[in-house]
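Q: Construct the complete structure from the given sequences, taking the supplied hints into account.
In this text, residue positions in the sequence shown follow full-length UniProt numbering: the first is 1, and each later residue adds one.
This list has only true hints and no planted wrong ones.
Listed next, with one range per pair, are the computed distances between beta-carbon atoms:
| no. | residue 1 | residue 2 | range |
| --- | --- | --- | --- |
| 1 | Ile-117 | Ala-42 | 43 to 49 Å |
| 2 | Gly-110 | Cys-86 | 15 to 21 Å |
| 3 | Ser-49 | Phe-89 | 14 to 20 Å |
| 4 | Ile-117 | Arg-36 | 53 to 59 Å |
| 5 | Glu-31 | Thr-118 | 48 to 54 Å |
| 6 | His-98 | Cys-53 | 30 to 36 Å |
Hints are computed from structural coordinates only; laboratory data are not their basis. Glycine included, every Cβ here is placed at the ideal spot set by N, Cα and C.
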Amino acid sequence: MVLGAQKSYCPFKDCSALMVHDVDEMVTRSECPSCRRLFCAACKFAWHSGLSCEEVGKLGEDEKGKEDLLMIQVAKEKKWRRCPSCKYFVEKKDGCLHITCRCRFEFCYGCGKKWGITHASCST
1 MVLGAQKSYC PFKDCSALMV HDVDEMVTRS ECPSCRRLFC AACKFAWHSG
51 LSCEEVGKLG EDEKGKEDLL MIQVAKEKKW RRCPSCKYFV EKKDGCLHIT
101 CRCRFEFCYG CGKKWGITHA SCST
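A: Structure representation (structure tokens):
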């Protein structure tokens, strides 16, 4: 008999295979024996190297795919910012901190907040 704490299911919707875990073993990175894809056993999402479970938990449902997580990891490494309005990644190469996104939203690249009249003195 398998106890509830010892079993879980593959988090990928197209698989959902039953998996049995060794209760004495603390596992974070896990591989589904059926579909062979990697996932985080702690938060039950696709494997997210370089991102904490908390960071992944804050993402929208449409951002938790493998490709999305890889893109977010690259953006984090390169210190890109996301537009607070449309969530598009923005890379600043030079110039001031004032960014006008392709969606026309204006924000500070330093702190990520909406740009305002008094925002020119951002300390970040």
